[in-house]
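Number of protein chains: 2
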Amino acid sequence: MPKPTLPQGTRDFNAETVYKRQYIFSTIRSVFERYGYQPLETPSFEQLETLMGKYGDEGDQLIFKILNNGLNHPDKKQKVQDAFDQVMAGKSSKDITERALRYDLTIPFARYVATHHGQLTMPFKRFQMQPVWRADRPQKGRYREFYQCDADVVGSKSLLNEVEFIHMYDDVFSALQLKVEIRINHRQILAALAEACGGEQWMTPITVAIDKLEKVGLEQVKSELISKGVSEDAWKKIQAYLEISGTNEEKITAAEQILGNIPSAQQAIADFKQILQFPSLTNLKQELMIDFTLARGLNYYTGCIFEIKSKEVAMGSIGGGGRYDNLTGSFGVPGVPGAGISFGVDRVYDVIEELKRFPTSVQAGTQVLFFHLEPEASLVAFNLMQQLRKSGVRAEMFHESAKFDKQFKYAEKKQIPYVIILGAKEVETNSCVVKNLTTGQQESINQSQLLQYVFEG
Amino acid sequence: MPKPTLPQGTRDFNAETVYKRQYIFSTIRSVFERYGYQPLETPSFEQLETLMGKYGDEGDQLIFKILNNGLNHPDKKQKVQDAFDQVMAGKSSKDITERALRYDLTIPFARYVATHHGQLTMPFKRFQMQPVWRADRPQKGRYREFYQCDADVVGSKSLLNEVEFIHMYDDVFSALQLKVEIRINHRQILAALAEACGGEQWMTPITVAIDKLEKVGLEQVKSELISKGVSEDAWKKIQAYLEISGTNEEKITAAEQILGNIPSAQQAIADFKQILQFPSLTNLKQELMIDFTLARGLNYYTGCIFEIKSKEVAMGSIGGGGRYDNLTGSFGVPGVPGAGISFGVDRVYDVIEELKRFPTSVQAGTQVLFFHLEPEASLVAFNLMQQLRKSGVRAEMFHESAKFDKQFKYAEKKQIPYVIILGAKEVETNSCVVKNLTTGQQESINQSQLLQYVFEG
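Sequences listed follow chains A and B, in order. If you're matching positions, the first sequence starts at 50 in the working numbering and goes up one per residue. If you're matching positions, the second sequence starts at 50 in the working numbering and goes up one per residue.
Bound conformation, chain A alone (with noise of 0.2 Å):
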């Protein structure tokens, strides 16, 4: 019989992993909740119609489409023939499959907002740690099956919440030691470029391009934009524009000088310069830096941008988000704005490991393993093991007398620290031995020592 496999681009996690992915999550949790943002939490899969045409073309061929149940019922048969005729067209049936697994935890978000709208105090806050799924040819570093870590406010334009996302982006990183970038932009000012060039239409092409500034360079940007009909006058706005350096301030003031005549660049200006203001970000830890390169494909973000790099690891961004206007237009409830970031967990957790600065700690193996030794000593061993369970201990007994080797084996291999040797002897006179596997040290105390005993790590 061949070992059964696991589907292509998923993942068991063991305990190890399991516990260094909680850390990231915990971490990020706690700076949420401090923010004043609350768990929300949605089904795996949603109706078909609520999925289909939010994420484009592409989009819609790699959502997970759920078989319906009961498809050979001889009811049906016409219609499901008819269904299936459909799906081998490409296009998708209720008849054959009316469900969907999530693709990313905005959608399900905005359906969540659309339908309670009435009833949320706004502005809302919530985010959101759960899986989704996406049937992407798998590769390195990119599964079908991930998590998604986003928070979002809607119901409010204040620029507040773009300064505690910058925070929140600081505390989180900081607190899992780690040095990245914060890097900010502005969908105003890129729409400013557009119209340098002649009009809206420009969007898509100039972001599309600079999006690949950092990959392809300047040259290829500037063929890439003249081939497809930009003005060489207009390319020289664009040029300087994505040559502008210096400090924060330095960066506005450049900007201002080469845009400053275009209303949207003066609306992408005054909120960078609003958000400055902000004391506290003076006290960051983490370097925030204006990055005018930066451009962020999902057409979605009207306001600020932002991306998380690593200045540790070369890796793509490790976070990233923005403002948007109309989150649940597409579900017939217009006019609620908002803004989100998010985390991406697994790339976190890359770097996070490559630089080993996973702390120990968040390990919660077993600290203490009782040998099993005659039959009468083990049950005063168990009594003594509970009481010390009770007190939070992790310990174990292990499962069946056996030779000592054996039993210290098993605490090896299983990197138990301490074990507590009670047998018949140890009975006689109420103590126990425990050896610390550690430094090898051992010592014998009496059993009602034991509660008091600190077992380390």
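Be careful, since some hints might not be right.
[Claimed, not checked] SDA-like mimics (lysine to any residue), calculated; alpha carbons at most 25 Å apart, straight line: (1) A/K484 - B/M171; (2) A/K126 - B/Q127; (3) B/K140 - A/M137.
[What the hints assert, rightly or not] From the derived model, a few chain A residues whose C-beta atoms are all more than 12 Å from chain B: (4) E273; (5) K277; (6) R345; (7) V400; (8) F407; (9) H448; (10) E449; (11) K474; (12) V482; (13) V503.
These aren't lab readings, by the way, just hints derived from the structure by calculation. Ideal Cβ placement from N, Cα and C applies to all residues, glycine included.
Based on these hints, arrange chain B on the given structure of chain A.
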């Protein structure tokens, strides 16, 4: 546009519910850890072949299957059409669906153990708390997505595990402030009844009939079994067995008198005696009760079986488990015995909710709302808030400058217990006003004192 809906049998969990559920999960988790169990997480979907045939015909029908992507590729046309014909005939086919959502946590665990068999330190103790999906008809208390919470040990036949399971149930339900009966029985004593009737083939009819005893009464059980061909003599034995009462010790003695001549009953009785000799079991907070009418439908149990009933709320079992012989046999790895228990988290939730026993401290909502007043003052307030947050206080500032009324209303709706008022006047005097909305009391304090302020709740 119609409001978007949730798929039948699924739920959103708002913040209050998430926190209450987390309280249950973390209580169970910390007990699991204290007993040496370690977390495992497996993917939400498995290869369909891993799941099919493991849950009986009825179970197979309830598995959610995932439609393969790219079905409309022209090269696949004939293959997919053939596969579809199979689906219409009630079979499943890899060319249409090769993955399916997890139906329980046991089979993924078995798959994991079979795959990693050589590398695991035995006995291997794992716990797993993840959602599972079943295409069951939704009804009150039954959902299509729900969490299971399992702890299993494999590679050990020791009854120490059963003793620990009893303690784990005791610890969890005591920590949750619930009163329960921990009911225990043994599949071998049911096997002895079957032998008394004529042989193994009676095992299923007898367990099925006994399973209904509480619902239908003794007479109905009798007529069902007699109609199936159980002799009057054999029924007398069964009846005497089902009517056993008294203390656990008295029950064992009575069972010995009725069935003691049958080897499988002897084994069950020996197991009970060995378990009950553990002195720690006399200190349980919950009631441990041998219940000879306990059958548990699942056929894979071979030794002790467990079931938990609330003593305060009428409801089905809120936990269960037992010993099995051959976890990984169907994956080609024979000879892996084990035992496990599980918690019915949704029902436990309902019990605690009905009894109003969720501690209010499980909620982690905002503790302090800073009013948003004059622009200058709000910057000072924001700075102070950042210091509070760094010390762990969950705080928010109202997102924009607004009338007192509106800001108070926001605090009330969100049940934020404290507001801090810091306007132009307070900036001048370096002070701020702290108002406790629960008591209505307010006091003006120096801003530097705020960091030492104790915010209750």
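So which hints don't hold here, by number, going up? When the structure is compared with the hints, numbers 9, 10 turn out to be violated.
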